[in-house]
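Just so you know, the numbering used here puts the end of the sequence shown at 731, numbered straight through with nothing missing.
Keep in mind that a hint or two might mislead.
[Claimed, not checked] With a straight-line Cα cutoff of 25 Å, these simulated PhoX-like cross-link-like pairs (lysine-lysine) come out: (1) Lys677 - Lys700; (2) Lys624 - Lys678; (3) Lys610 - Lys716; (4) Lys677 - Lys610; (5) Lys680 - Lys561; (6) Lys700 - Lys610; (7) Lys716 - Lys561; (8) Lys702 - Lys712; (9) Lys702 - Lys677; (10) Lys561 - Lys702; (11) Lys678 - Lys700; (12) Lys712 - Lys677; (13) Lys561 - Lys635; (14) Lys624 - Lys680; (15) Lys678 - Lys702; (16) Lys680 - Lys708; (17) Lys561 - Lys700; (18) Lys700 - Lys716; (19) Lys712 - Lys700; (20) Lys716 - Lys677; (21) Lys708 - Lys678; (22) Lys610 - Lys561; (23) Lys712 - Lys680; (24) Lys624 - Lys635; (25) Lys702 - Lys680; (26) Lys702 - Lys716; (27) Lys680 - Lys635; (28) Lys635 - Lys610.
[To be verified] So the derived label-pair ranges between C-beta atoms look like this: (29) Tyr586 - Ala707: 36 to 42 Å; (30) Val585 - Ala707: 40 to 46 Å; (31) Gln621 - Glu661: 42 to 48 Å; (32) Asp657 - Tyr586: 32 to 38 Å; (33) Asp676 - Ala628: 30 to 36 Å; (34) Glu609 - Arg718: 43 to 49 Å; (35) Glu617 - Lys716: 37 to 43 Å; (36) Glu661 - Asn588: 39 to 45 Å; (37) Arg705 - Lys680: 16 to 22 Å; (38) Glu617 - Tyr586: 25 to 31 Å; (39) Asn588 - Glu614: 31 to 37 Å; (40) Ala628 - Cys686: 26 to 32 Å.
Hints were generated in silico from the structure; no laboratory data involved. Every residue, glycine too, gets a C-beta built ideally from N, C-alpha and C.
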Amino acid sequence: MKQTILIVVFFLFLRGYSMTYNQEKPRLLVTTDIGGDPDDQQSLVRLMVYANEIEIEGFISSAAGTPGELNEEKICPELIEEIIQGYKLVFANLLLHDKNYPTPEYLLSVVKRGNPERGWDFVGEGHDTEASEWIISRVDKKDKRPLNICVFGGQTDLAQALWKVKNTRSAKEYQKFISKIRVYDINDQDFQLLI
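Construct all of the structure, not just a fragment, from the sequences and the given hints.
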């Protein structure tokens, strides 16, 4: 009897382990206004620690800093690239713990330049960016999993991507497009763009 119980418990454990192990990774794209203050750099460093648990599909460098904080409109993709270079230094060690960490080269390939400007004046005809086009391509990717978009700051490129799809596709196609994304907006500093 005890042996039967142990065997059942063992197989239940294995089943639970295999279900957890075989779960698909969530897809993630991050928009960041990196460069105005250190919080986004810190958040990206922490994200690198968990890069084996998620499928990172993009880093969008958008207008740096809180609106009105800086004297110039700029984007800072080089700060994202610096963090990835730091990740590269420890990549071999990370692989000792889990082979699912993405390569630094892959991560560098998904850093995209966004709009250095903010607000509705910079969304619409003629305002497509490398970043807004990348967002569209990631949502359109043949994948049944939704694309999670984490807005650390700077929504202009996401707003541009949504504007373009809404204005170049049918209402049904637009609804299908937006049904494939999940947006988490931290602090909602650019709220006026998504309402």
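Here is how each hint holds up against the structure:
no. : hint                        : verdict
1   : Lys677 - Lys700             : holds, 17 Å
2   : Lys624 - Lys678             : violated, 29 Å
3   : Lys610 - Lys716             : violated, 30 Å
4   : Lys677 - Lys610             : violated, 29 Å
5   : Lys680 - Lys561             : holds, 12 Å
6   : Lys700 - Lys610             : holds, 23 Å
7   : Lys716 - Lys561             : holds, 15 Å
8   : Lys702 - Lys712             : holds, 11 Å
9   : Lys702 - Lys677             : holds, 17 Å
10  : Lys561 - Lys702             : violated, 28 Å
11  : Lys678 - Lys700             : holds, 19 Å
12  : Lys712 - Lys677             : holds, 13 Å
13  : Lys561 - Lys635             : holds, 14 Å
14  : Lys624 - Lys680             : violated, 30 Å
15  : Lys678 - Lys702             : holds, 19 Å
16  : Lys680 - Lys708             : holds, 18 Å
17  : Lys561 - Lys700             : violated, 28 Å
18  : Lys700 - Lys716             : holds, 16 Å
19  : Lys712 - Lys700             : holds, 14 Å
20  : Lys716 - Lys677             : holds, 10 Å
21  : Lys708 - Lys678             : holds, 18 Å
22  : Lys610 - Lys561             : violated, 33 Å
23  : Lys712 - Lys680             : holds, 12 Å
24  : Lys624 - Lys635             : holds, 14 Å
25  : Lys702 - Lys680             : holds, 21 Å
26  : Lys702 - Lys716             : holds, 14 Å
27  : Lys680 - Lys635             : holds, 24 Å
28  : Lys635 - Lys610             : violated, 36 Å
29  : Tyr586 - Ala707: 36 to 42 Å : holds, 37 Å
30  : Val585 - Ala707: 40 to 46 Å : holds, 41 Å
31  : Gln621 - Glu661: 42 to 48 Å : violated, 37 Å
32  : Asp657 - Tyr586: 32 to 38 Å : holds, 36 Å
33  : Asp676 - Ala628: 30 to 36 Å : holds, 34 Å
34  : Glu609 - Arg718: 43 to 49 Å : violated, 29 Å
35  : Glu617 - Lys716: 37 to 43 Å : violated, 28 Å
36  : Glu661 - Asn588: 39 to 45 Å : holds, 41 Å
37  : Arg705 - Lys680: 16 to 22 Å : holds, 20 Å
38  : Glu617 - Tyr586: 25 to 31 Å : violated, 19 Å
39  : Asn588 - Glu614: 31 to 37 Å : violated, 25 Å
40  : Ala628 - Cys686: 26 to 32 Å : holds, 27 Å
Taken one by one, the earlier hints fail for this structure at numbers 2, 3, 4, 10, 14, 17, 22, 28, 31, 34, 35, 38 and 39, listed in ascending order.
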